[in-house]
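Engineer: Residue strings, one per chain:
Number of protein chains: 2
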Amino acid sequence: MRYQLYYWPTIQGRGEYVRLALEDAGADYDDVVRGPGGMAAMSRMMEAGGRAPFAPPFLKAGRLVIGQTANILLYLGSRHGLAPKAEAGRLWVHQLQLTIADFVLEVHDTHHPLGPSLYYEDQRGPAKKRTEDFWDERVPKYLGYIERLVSDSGGTFATGRRATYVDLSLFQIVAGLRYAFPKRMKKFEREIPKLVNLHDRVAARPNIKAYLESDRRIPFNEEGIFRRYKELDL
Amino acid sequence: MRYQLYYWPTIQGRGEYVRLALEDAGADYDDVVRGPGGMAAMSRMMEAGGRAPFAPPFLKAGRLVIGQTANILLYLGSRHGLAPKAEAGRLWVHQLQLTIADFVLEVHDTHHPLGPSLYYEDQRGPAKKRTEDFWDERVPKYLGYIERLVSDSGGTFATGRRATYVDLSLFQIVAGLRYAFPKRMKKFEREIPKLVNLHDRVAARPNIKAYLESDRRIPFNEEGIFRRYKELDL
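Protein sequences, first through last, are from chains B and D.
In the working numbering, each residue carries its 1-based index in the first sequence increased by 264.
In the working numbering, each residue carries its 1-based index in the second sequence increased by 264.
Some hints here could point you the wrong way.
Same chains, same label: a pair holds when it works inside one copy or across any pair of copies.
[Claimed, not checked] The calculated SDA-like cross-link candidates involving lysine to any residue, where the alpha carbons are at most 25 Å apart (straight line), are:
id: 1; residue 1: K324; residue 2: Y406
id: 2; residue 1: K392; residue 2: G302
id: 3; residue 1: K392; residue 2: L369
id: 4; residue 1: K447; residue 2: Y409
id: 5; residue 1: K447; residue 2: M265
id: 6; residue 1: K458; residue 2: A316
id: 7; residue 1: K392; residue 2: R343
id: 8; residue 1: K458; residue 2: R480
id: 9; residue 1: K324; residue 2: S342
id: 10; residue 1: K458; residue 2: E385
id: 11; residue 1: K393; residue 2: A325
id: 12; residue 1: K450; residue 2: G326
Note that these hints are calculated values from the structure, not bench results.
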């Protein structure tokens, strides 16, 4: 089956977790909104009523339209060898993905503490405060948890010897933090050697390597979730 | 099977979405941390290593320990008639629950825009700004989407004639907004008559009605997600 992914065409954003899974799986897919007429097609899907999704990303899989990043990965994981097939394993991997989703929201809040409707330029002061708290409290808590997981899993990846979609997402977290906060991340990486190793292992997977070198990978930029603002990276 | 729910004992918080599902289903469960030795038991579970969850709530179901609210509901839904059994319906209901989870995080951010580690009293100004944006932009967007869904579903509930765990969560959203923002919500309710009707239908379900009248239902308070601060309710 050929999938159609609908997501904003100029950012990695939440769509990137889906793109990484589709690419690693070698799945056939169209990144619809990056093609001609794509934006209008996405708008039509969202205004169709019925089971129209609340927001991108969403994935069309035959007659199914699946929204919410973690839900899309839940669907793709068991079909493409990126998650266990048994219920206990599927729930565990999904639970970790939802924890990553919470972290991603907190990353977004570092530059948008007053809400997603205002520009960054209108919330610089609060962004500084939120970013301090993020690096003092939240990053150590979340990434320390992940580091411990990789350590306890008995393998290279978060849940063992086989990579799941969670590992692809963790690659993206490390890559994103390196982009947005190069100084802070450089210092912090000594606390998370296993997670850094996991990142490198994912980056070296043949399909991911080819994807990262292709123009299908949109560069990080200041409209996505991971944004580089010098005044936040002290 | 008798379940064990682990969650903070003095707030509704995210655990409430699970409590509502367990109560509506008439399931046997222990609200562990509200019993003797419960807090120590929760700490032990979280520090156990291996597949220990990142944060409460989590549910013990036999040998399984399931974390993340939406993931717990995914597990309970198909077992207790609170979600469709077929994959398409299960994914659709889960997608809506994840959208509600996003909204719940935005509710929390109204009083904690600078992050969860600081006290409300240390972020009153930013909280006012975030709350304005929340009511101007976010509430109409989210609840307008839900109102349209109920309207298009051809039934009383979000996905049709049968209630799912999503409807129990939507009940909680309406109840919570009424508690936290009585003035603003009173005005806004005329925009969402179908959602208010859904709330009333859920509240009248025998098991929910009994639960709400029992002391198992913890009252709303200023340590939970929905907090009443007069200065935010203009």
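Engineer: Taking the hints in turn, state whether each one holds.
Structural biologist: Evaluated hints:
| no. | hint | in the structure |
| --- | --- | --- |
| 1 | K324 with Y406 | between (32 Å within a copy, 22 Å between copies) |
| 2 | K392 with G302 | neither (36 Å within a copy, 38 Å between copies) |
| 3 | K392 with L369 | both (16 Å within a copy, 20 Å between copies) |
| 4 | K447 with Y409 | within (22 Å within a copy, 41 Å between copies) |
| 5 | K447 with M265 | neither (43 Å within a copy, 51 Å between copies) |
| 6 | K458 with A316 | between (40 Å within a copy, 18 Å between copies) |
| 7 | K392 with R343 | neither (42 Å within a copy, 46 Å between copies) |
| 8 | K458 with R480 | neither (28 Å within a copy, 43 Å between copies) |
| 9 | K324 with S342 | both (17 Å within a copy, 24 Å between copies) |
| 10 | K458 with E385 | neither (36 Å within a copy, 38 Å between copies) |
| 11 | K393 with A325 | neither (42 Å within a copy, 40 Å between copies) |
| 12 | K450 with G326 | neither (44 Å within a copy, 43 Å between copies) |
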